[in-house]
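There are 2 protein chains.
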Amino acid sequence: MRRIFFLLTLVLFSSVIKAQDPGKVLSSVFSEALTDRTAYNNLEYLCKNTKGRIDGAPITQKAVEFTRDALIKAGADSVWLQRVPVPHWVRGREKCSMSSSAGREDLAITALGLSVGTPEKGIKAGVVEVHNFDELEALGRKVVEGKIVFFNRPVDNTLINTFAGYGGAVDQRVRGASAAARLGAAAVIVRSVTQFLDNFPHTGVMHYDRDAKKIPAVAVSTMGADLLSKRLKEDQSLSVTLVSTCRNEPDTWSYNVIGEIRGSELPYEFITVGGHLDAWDTGEGAHDDGGGCIQAIEMIRLFKKLGIKPKRTVRAVMFMNEEISSTGGRTYADEAREKGEKEYAALESDRGVMSPRGFSFDTDGDRLDRLKSLAGYFAPFDIRDFEKGGGGSDISPLKSLGALQIGYIPDSQRYFSFHHCANDTFEQVNIRELQMGSAAIASLIYLIDRFDM
Amino acid sequence: MRRIFFLLTLVLFSSVIKAQDPGKVLSSVFSEALTDRTAYNNLEYLCKNTKGRIDGAPITQKAVEFTRDALIKAGADSVWLQRVPVPHWVRGREKCSMSSSAGREDLAITALGLSVGTPEKGIKAGVVEVHNFDELEALGRKVVEGKIVFFNRPVDNTLINTFAGYGGAVDQRVRGASAAARLGAAAVIVRSVTQFLDNFPHTGVMHYDRDAKKIPAVAVSTMGADLLSKRLKEDQSLSVTLVSTCRNEPDTWSYNVIGEIRGSELPYEFITVGGHLDAWDTGEGAHDDGGGCIQAIEMIRLFKKLGIKPKRTVRAVMFMNEEISSTGGRTYADEAREKGEKEYAALESDRGVMSPRGFSFDTDGDRLDRLKSLAGYFAPFDIRDFEKGGGGSDISPLKSLGALQIGYIPDSQRYFSFHHCANDTFEQVNIRELQMGSAAIASLIYLIDRFDM
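Protein chains in written order, with our numbering: chain A, 2 to 454; chain B, 2 to 454.
Since the hints were derived computationally from the structure, they do not count as laboratory data. What you are looking at is a predicted structure, and each value in this text was computed from that prediction instead of being measured. Do not take every clue at face value.
Claimed, not checked - DSSO-like cross-link-like pairs, simulated, lysine-lysine; straight-line CA separation at most 27 angstroms: (1) K25/B - K63/B; (2) K215/A - K96/A; (3) K214/A - K122/A; (4) K122/B - K25/B; (5) K74/B - K25/B; (6) K25/A - K389/B; (7) K25/B - K125/B; (8) K96/B - K74/B; (9) K373/B - K389/A; (10) K215/A - K122/A; (11) K373/A - K373/B; (12) K25/B - K389/A; (13) K231/B - K373/A; (14) K25/B - K96/B; (15) K373/A - K312/A.
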């Protein structure tokens, strides 16, 4: 019955683009994406003119305005801003020097987001190294009290999916400070959560438990972590002077940026495609996640340029505040719920903009099988991974509204060399890799809408 | 019958590694490759200490010696050098300035390999722009004589396989000079053969036809080509002064570098894995093809470290002179023929060291089907493209000796941003992408040998 209705719909609502062979539509999408420089130029602007667009920072407003204008230029039928409450954490002066029998050496550090600061003169203390929470507990208050706890568990490099590697080590960054504080620690230094041996400290958000004192938390580069560990083995009386004068200001306001193409047949069903506009201030937020935002805008441009008229309303959303407390995604879903919107599907691009490998779908059974069958359309573009999996944190609140959750999956091998560090720059983005992704996303959305998947 | 024999072989010659689940062997290969830095450090050394290792250049000997030593350290049973005749082309001073109504502007150029030079003071001439040989012929001698011919056909960016794009534009670089010379041109300037708009001139070999005068040939960056084209439209009386004092010296000698693990059961059957050691002097030859050489050495290290004892003799070969006249590959095959070696299979890694996508096999029917069935072993590593296709230029002379031709296929999207230009540096190589490739190559060779594919 469903199939008959599906076929009937196809016949009744045929239009120029609908009559076309989907394979030809995809070819035109990829060709346009690979020969136009708008998206790449947009990303360059975002990287070079809005660096530091972490939540609450004044520069973030410039990113809001730029992407709003880019959506208008891309041809969106409507473009608007959606007010979002955001935290306002402000980085301070940062310095970390280590004194040991080898002399005085500086370590490359960066404050973790939401961390409290040290006094202006810093904290000077001895250091205890641990690799997990059990080791920390085993040391106990006697050893830990007054010390700086150094969490030094490396990412498991044998995991092929680098996000799995990240997930296996990020607990130190997120929960390390409170665990150490409960044993009386003065501060924590956390090994950067990356597969790579480099001298970039990689930041990221941390959280304080309510029952623990708030102590300063910083990340140290992996090279710095190796050096600190080595010096500790040579000289257990080593001390570190840690300065990080960051602070938390009162919450403030920012915006999600939304642009849509009105659906030609089912305008009150919505497909959302997005990335997040906020980015860690250490880098330019090129891969994380300026690229994802630009790909969403590019989908709008591709549809408009090629005359693709989706049946459903398709939105590009730049979510605010993914990096700290995800209020952008929640605000977007809350408003959709209040308006009684029918959320058909949502796709998130927040894994960098390397070459596309495929998509993950948070569904099962027949629907998953039908979605997997779309892989055939993508074989000419060497995009082959159509698998069960999650969508992303910004779109996850839409799940309860019925939106199919889709994750865009680029090659993950080098992502964490950029993630949350000064290396996440425009220069690290390849125009073809970015645009293969833009085309893949636009193509998938076109197919899902056309075939009512 | 064949299957019974195959099973019998397995039973009779069982050893520790053979008894293992192949999936577990592959896991150990990937884990070792992803947690060891030898290959990456080797590549860094090769890039930073042997830049300029184009055929005939004295520095090439240092690359020969370094990779010989690296093969010994990797544990090869035998390591030796194989004498190879090589051309000796020497780059000179290079400068290209354009005078037009817009004033005097410099263009980023690089001589093409084997090109003759200009006089010391250069060649000053007007410029005619063409996009293909038909356009050139249509202009005729009257227009072309005494002019610099500017070949400006861009790579077709809509082609997903960037090597296909390259192949569609490289004729201008290879054959442009003789075609222009036959019409009396003074020199040729060729648009760099790359998908990317950048200011790196991308070099590469060119050839002179016997019946044409040898005129100087250079590549101009794609940005330079666009500017030259724009200025020509504004001012047809534009002139260019081209200086490129390169020259061809008498042929000289260099070496292929070969290391092998002797086969445990079929030592007189050979599997060859290689890349080429020579590299254009404009960059460091990181992706093209230092990476391919290092992956071959790493295969030896992985086999030795993990106790994988191939039945057949497995060789890692650094071929000399792939970039100019492929004497390394021919010399290697000639010696194999003279010795009556049975060449079982040969794999070439010469498409850069980005993330692996798969392998191409130059065979058909049942053998191709069996090889494709290996894809299942690689799914955990997200390596899925097992397809019919070519091997590579260095191993192609082994085809007539019966060697299955295998090409290593990494993601191709960003390759031509490095190819033959100053951007082909160590910094452009990601350790995980390099090592996913090393592991994939070692794994495939292990499986092909183990299962007599």
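Hint by hint, here is what the structure shows:
Restraint check for K25/B and K63/B: the C-alpha separation of about 38 angstroms exceeds 27 angstroms, so the hint is violated. For the given pair, K215/A sits about 19 angstroms from K96/A by alpha-carbon distance, which is consistent with the 27 angstroms threshold. A hinted pair counts as satisfied when its Cα atoms are at most 27 angstroms apart, and K214/A with K122/A qualifies at roughly 20 angstroms. In summary, the hint linking K122/B to K25/B is not supported, as the alpha carbons are separated by about 64 angstroms, beyond the 27 angstroms threshold.
This hinted pair checks out: K74/B and K25/B have alpha carbons roughly 26 angstroms apart, not beyond 27 angstroms. Between K25/A and K389/B, the direct Cα distance comes to roughly 24 angstroms. Compliance with the 27 angstroms bound is thereby established for this hinted pair. The straight-line distance between the Cα atoms of K25/B and K125/B is roughly 65 angstroms, outside the 27 angstroms bound, and the hint therefore fails. Taking the CA atoms of K96/B and K74/B, the gap is near 43 angstroms; set against the 27 angstroms cutoff, the hint is violated.
At most 27 angstroms may separate the alpha-carbon atoms for a hinted pair to count; K373/B and K389/A meet this at roughly 24 angstroms. Straight-line distance between C-alpha atoms of K215/A and K122/A comes to about 18 angstroms, which keeps the hinted pair within the 27 angstroms bound. Simply put, K373/A and K373/B have alpha-carbon atoms about 21 angstroms apart, close enough for the 27 angstroms limit, and the pair holds. For the hint linking K25/B to K389/A, the alpha-carbon distance of about 24 angstroms falls within 27 angstroms, and the restraint holds.
Of the supplied pair hints, the one linking K231/B and K373/A is violated, its CA atoms being roughly 47 angstroms apart against a limit of 27 angstroms. Between K25/B and K96/B the CA atoms are separated by roughly 56 angstroms; this puts the pair beyond 27 angstroms, and the hint is violated. Note on K373/A and K312/A: the hinted pairing holds, with a Cα-Cα distance of about 21 angstroms set against a maximum of 27 angstroms.
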